[in-house]
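Novice: Since the structure of chain V is already known, use the hints to place chain Z on it.
2 protein chains.
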Amino acid sequence: MEKKITLAHGAGGLETSEILERLIFRKIPYRLKRTEKGYGLDILDDGAAILLPDGKYFIVSTDSYTVKPLFFPGGNIGSLAACGSINDILMMGAKPIAMLDNIIVSEGFPIKKLEIIIDSFINILERENIPLINGDFKVLPNDNFDGVILVTTAIGIADKIIIDRELKPGDKIIVTDYIGDHGTVILALQNEIDIDNKLKSDVKPLTNLMLPIFQKFSNHIHAARDPTRGGLAMTLNDWAKDSNTTILIYEEKIPIRKIVSAYTNMLGIDPLHLASEGVAVLGVDDERAEDILNFIKSIGFKNAKIIGKVEDNEKYNGLVILESKIGGLRILEPPTGTLVPRIC
Amino acid sequence: MEKKITLAHGAGGLETSEILERLIFRKIPYRLKRTEKGYGLDILDDGAAILLPDGKYFIVSTDSYTVKPLFFPGGNIGSLAACGSINDILMMGAKPIAMLDNIIVSEGFPIKKLEIIIDSFINILERENIPLINGDFKVLPNDNFDGVILVTTAIGIADKIIIDRELKPGDKIIVTDYIGDHGTVILALQNEIDIDNKLKSDVKPLTNLMLPIFQKFSNHIHAARDPTRGGLAMTLNDWAKDSNTTILIYEEKIPIRKIVSAYTNMLGIDPLHLASEGVAVLGVDDERAEDILNFIKSIGFKNAKIIGKVEDNEKYNGLVILESKIGGLRILEPPTGTLVPRIC
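Read top to bottom, the protein sequences are chains V and Z.
Residues in the first sequence are numbered from 1 upward in steps of one, following the numbering used here.
Residues in the second sequence are numbered from 345 upward in steps of one, following the numbering used here.
The following block holds chain V by itself, in its conformation from the complex:
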């Protein structure tokens, strides 16, 4: 039987890794996975790095936004696209300096609604002082597509880049805020569950979090990622695999809102698999971990927590171990299956 693309292939979990390996990564020779002395598909990080003549790096990162519904408590696809691409640049250790956009919209879509989306996108850029320098605009006949897709490419500049595979045994793992808010909101809306203004997406740019951290602790941040599609579980599994370490996480330390626990329980989904859009996961030097945590709290991210540590345990390297609230240990698998379609 002819094999077909499934929603799971796009969910950001194991099936996404597999289809990309099959269709893209294995087909491209190593020399064409990165620019000279740069980083690209060889590292599979939040963005790619191109070495500049003065020793700094240009960072570029591209993402497609297909979230449905287009509007949700806390934001819309426009703010999501701006924040998502800004945060990807930040997680590479870089300062965002420019944005490019693609707007794909269906014939018959209300112009006023599109204007609200684009205004939200532009407002984030204005607040963050990031120029919009290039773009494209396409309309699809509505017999074929209904809605809006945004595709953004952000560019940043870094003195020193953060490559997550440099996570080291001994490092502590910090999460800077409650996780899973965005994913839970979208999941609830898609399931027509009334969240009754009790929860909104955490979508926000993390510039005022990350730039101060880089300035103060530049050499002590070994890994940084925003746990979007695939959630915290995917981020940590990627890190354990890419750095060939064992990551040990304490469930009771993970900051999760009660309402997120309640909804995910009700829907039978692990909140560790759900996207956050305004949270950073950091792998930091053991000896500076408390300083970094206190600094993060002092600049307004009061829910930040050290949630675990990195070990070199031959038997478990490449895996994430979760110590549950009642004490047992289990392997935290990367997400599989469909989870939430069109979460970001």
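In case anyone wonders, no lab produced these hints; they're calculated from the structure.
Please note that the accuracy of each hint is not assured.
To be verified - Beta-carbon label-pair distances, calculated as ranges:
{"id": "1", "chain 1": "V", "residue 1": "Gln215", "chain 2": "Z", "residue 2": "Glu346", "range": "44 to 50 Å"}
{"id": "2", "chain 1": "V", "residue 1": "Gly108", "chain 2": "Z", "residue 2": "Asp635", "range": "47 to 53 Å"}
{"id": "3", "chain 1": "V", "residue 1": "Asp143", "chain 2": "Z", "residue 2": "Asn473", "range": "37 to 43 Å"}
{"id": "4", "chain 1": "V", "residue 1": "Asn142", "chain 2": "Z", "residue 2": "Glu655", "range": "40 to 46 Å"}
{"id": "5", "chain 1": "Z", "residue 1": "Ile675", "chain 2": "V", "residue 2": "Lys3", "range": "51 to 57 Å"}
{"id": "6", "chain 1": "V", "residue 1": "Ser261", "chain 2": "Z", "residue 2": "Asn473", "range": "50 to 56 Å"}
{"id": "7", "chain 1": "Z", "residue 1": "Arg471", "chain 2": "V", "residue 2": "Gln215", "range": "42 to 48 Å"}
{"id": "8", "chain 1": "Z", "residue 1": "Glu365", "chain 2": "V", "residue 2": "Asn191", "range": "35 to 41 Å"}
{"id": "9", "chain 1": "Z", "residue 1": "Pro373", "chain 2": "V", "residue 2": "Gly55", "range": "29 to 35 Å"}
Each residue gets a CB set at the ideal place from its N, CA and C atoms; glycine is no exception.
Specialist: What follows is chain Z alone, placed relative to chain V:
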């Protein structure tokens, strides 16, 4: 009545300019249209330019590819996306050095078919020696979308950039090959007209045309564009407007295949409005125009022609004047209306 997006808004003609002005350009302050000492939405050229510390420029250009049908004589959406973004970089005077991709595919799409598309995309990159450094992959439920969209962002590096508004009175206009082949093929397929292997899309990367020209005639190329969506008519109208000159074109000089004339006649469409995907339009110094034309022919582009010239005529500045084959003059308007949906 609520105003809605129409196919014409996405056709790359007048309505596209108007909706972008309304939704984007007028909303962004000048300082956020470009990076410092760079160029971006302030010039509306094929790409944006970011000044590097050594005086060179990074060029970035992003485009969405939504062509339907996905496969056509001469190529498919994969080769189209690779060539389109490579050519946009070249038209800015730059050498392509990296590519980023977004693949958006519908649930249920045959994996084998997607593989052929991605292989075509990768094959162009391999032949051109351009690394693929970052990307995204999303799947949409098939109740909402059916098919494949590719969005590519290309990066290049230029010693000297070509900004089309620097077209000058006296310059000659060169077209490097037959125009309208791609648009005619797509148009015929969409109208279920049998083109019977007599015509194929001209889609190809123009690296082996443009890099030698830059090397030999660097200071004499004032404007360069690949006349894709909106065709030669849109390119020339953009140039006349942006450089505030009058462009005079001789219809009899424009290289058009007989079969393209026949099909466009039959379908009642002006071939000057139809996309080419392997052609460059150049604005060049009068005194070197013949040398440049001969050089272009000598490197294999035998159908190249000087098709017109640039004048400073206060009454007609901002407009394109076409001298028809029988001698009369008329204003060549930019395309309006829908023309061909999903041509690229």
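Novice: Do the Cβ positions of Glu365 (chain Z) and Asn191 (chain V) conform to the proposed distance bound of 35 to 41 Å?
Specialist: holds, 40 Å
Novice: Ile675 (chain Z) and Lys3 (chain V), beta-carbon distance inside 51 to 57 Å?
Specialist: Cβ of Ile675 (chain Z) to Cβ of Lys3 (chain V): about 54 Å, so the range 51 to 57 Å holds.
Novice: Cβ-Cβ distance between Ser261 (chain V) and Asn473 (chain Z): within 50 to 56 Å?
Specialist: Since the Cβ atoms of Ser261 (chain V) and Asn473 (chain Z) sit about 51 Å apart, the hinted range of 50 to 56 Å holds.
Novice: Holds or violated: 42 to 48 Å for the Cβ distance of Arg471 (chain Z) and Gln215 (chain V)?
Specialist: Distance hint for Arg471 (chain Z), Gln215 (chain V) holds at roughly 44 Å.
Novice: Starting from the hint 44 to 50 Å, judge whether the C-beta atoms of Gln215 (chain V) and Glu346 (chain Z) obey it.
Specialist: holds, 48 Å
Novice: Go ahead and decide if the range 37 to 43 Å is satisfied by the Cβ distance of Asp143 (chain V) to Asn473 (chain Z).
Specialist: holds, 40 Å
Novice: Does 40 to 46 Å hold as the CB distance between Asn142 (chain V) and Glu655 (chain Z), or does it fail?
Specialist: holds, 44 Å
Novice: Indicate whether the distance between the beta carbons of Gly108 (chain V) and Asp635 (chain Z) respects the range 47 to 53 Å.
Specialist: Between Gly108 (chain V) and Asp635 (chain Z), where Cβ atoms are some 52 Å apart, the hint holds.
Novice: May I ask you to test the hint 29 to 35 Å on the CB atoms belonging to Pro373 (chain Z) and Gly55 (chain V)?
Specialist: holds, 32 Å
In the structure shown, no violation is registered for any of the earlier numbered hints.
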